[in-house]
Amino acid sequence: MSASQPPELPEEPSEVEHGRPAWVEPPADVVPGVVPVELVLARTPQRAIGLTGIRAYPTGFGCTIHLRLREVVPGEQSNFGAFNMFGDGVDPAGEFADYFLRFGVGFADGRKATNLDHRRDLDEVRAPDPPTLRLVRWEGYDLLSWEVDVWVWGLPPPGPLALVCEWPARGIPESRVELDAGLVLEAAARAMPIWPDQIPP
Amino acid sequence: MPAWSRGPEGTVPGVVPVELLVARTDTYAVLVGGLLVYPTGFDFDLAVRRRPGRPREYRDHHERSWDDHLRLEVRFADGRAADNDFRRWPRTSGDQAPDPPLLYQSTVGDDGGHVWLWGLPPPGPLTFACQWPARQIPPSQAELDAGLILEAAERARTLWPGEAPP
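Keeping their order, the protein sequence lines are chains A and B.
According to the numbering used here, the first sequence is numbered sequentially starting from 113.
According to the numbering used here, the second sequence is numbered sequentially starting from 14.
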């Protein structure tokens, strides 16, 4: 009996996703070009920091940082998770500065972005000046092995691109590897739009 | 953690410089990328991208059935395959390694997730197949030459080879 059918309710309007600001994360509608870097940035008898797989977009690039601890040292605060703590009310230049793993990128024109930089609110009205560096994923189940994906908003100019890390409290001095930024720029040029017919906003 | 549940801790993986567009509809795209290869298997990102300007569909996670998830299957050239249906996860003890390939999606969400595949493929085509009925993503697939995976596995580096811990 149709009389028993409830009236059809109007559909709730769905929220249109406008996307986050470009400096927050890689663009959703682009397939990146890849630079197959496989680097060990730093290695001590107990720890190592690797960096792999630069994914380049027209607006910036990302990569994966591998944090490795050879064995758990009893009583030592070895947690690589300290990497994530900047901005949570911790002053990276303050009392505990040496206890943080520091990571950054340096461009040939002198500009740089690091995980020491002031953390910004996502809804900040004015976009920061590139480059900026943000953590976009981290994953690990114990102290031995962590993967951290970072997003650098802003492409480097031609010349050397420096990838730098340092962890004073754990015996890792400033360690840097330089790449030819041209590799990143060429990969960014290979990035492809997923929906080529899309009208840019 | 058991050896089959992730890449070996003391190793920096080799990279496969490929991003695969596995599926694309008017609203969604599914990408496989960030392939990082260890001697025992490989990691990758499973990324669901939503076309900018398209509405986001909200669903109550508790009411989801398996049909509401993105299904992923990885197929080897010899016919072996593994998928992300967690109901098929083996109930082995940590010491007893399951037969490869085994696919473990460590994070699951509307944006995709991160995947570990235990076991290296034999030479030949390696197929990534996906579908998501609830999002109208039909069965779709993309292939990769497994040789790229095997070459990257050769480049994976052991960080502390043959040294006793200090």
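Hints are supplied without guarantee of correctness; some may be wrong.
[Stated by the list, open to error] Sample of chain B residues at the chain A side, in silico, Cβ under 8 Å:
1) M14
2) G23
3) L49
4) R88
5) D91
6) A94
7) P114
8) L115
9) P136
[What the hints assert, rightly or not] Pairwise CB distance ranges, derived in the manner of DEER restraints:
10) D98(B) <-> R223(A): 44 to 52 Å
11) P68(B) <-> V289(A): 41 to 49 Å
12) A16(B) <-> R238(A): 44 to 52 Å
13) D210(A) <-> P135(B): 46 to 54 Å
14) R302(A) <-> P174(B): 32 to 40 Å
15) D124(B) <-> P157(A): 32 to 40 Å
16) D124(B) <-> A301(A): 41 to 49 Å
Bear in mind the hints are in silico, worked out from the structure with no lab data behind them.
Where is the CB? At the ideal position from N, CA and C, for every residue including glycine.
Verify the CB-CB distance for D210(A) and P135(B) against the hinted window 46 to 54 Å. Check passed, 49 Å falls within 46 to 54 Å.
Satisfaction of the M14(B) interface hint, Cβ to chain A closer than 8 Å: Holds. Min distance 6 Å.
Residue hint A94(B), partner chain A, criterion CB-CB below 8 Å: 25 Å, violated
Cβ distance range 44 to 52 Å for A16(B) and R238(A), holds or violated: 49 Å, holds
Less than 8 Å between beta-carbons is the criterion; does G23(B) satisfy it with respect to chain A? At about 6 Å, which falls below the 8 Å cut-off, the nearest Cβ of chain A leaves the hint on G23(B) intact, so it holds.
Would the hint on D91(B) stand, with a C-beta cut-off of 8 Å toward chain A? 26 Å, violated
Hey, does the R88(B) contact hint survive, CB to chain A under 8 Å? With a closest approach of 22 Å, the R88(B) hint is violated.
Interface hint status, P114(B) versus chain A (Cβ within 8 Å): At about 20 Å, which exceeds the 8 Å cut-off, the nearest Cβ of chain A leaves the hint on P114(B) violated.
Is 41 to 49 Å a correct range for the gap between the Cβ atoms of P68(B) and V289(A)? The hint (41 to 49 Å, Cβ to Cβ) holds, given that P68(B) and V289(A) are roughly 43 Å apart.
C-beta pair D124(B), A301(A): status relative to the range 41 to 49 Å that was hinted: Violated: the Cβ-Cβ distance is about 26 Å, outside 41 to 49 Å.
For the pair D98(B) and R223(A), does the Cβ-Cβ distance stay inside 44 to 52 Å? The hint (44 to 52 Å, Cβ to Cβ) holds, given that D98(B) and R223(A) are roughly 47 Å apart.
Hold the hint about L49(B) up to the distance rule: shortest CB distance to chain A must be less than 8 Å. 6 Å, holds
Violation of the numbered hints given earlier is confined to hints 4, 5, 6, 7, 8, 9 and 16; the remaining hints are satisfied by the structure.
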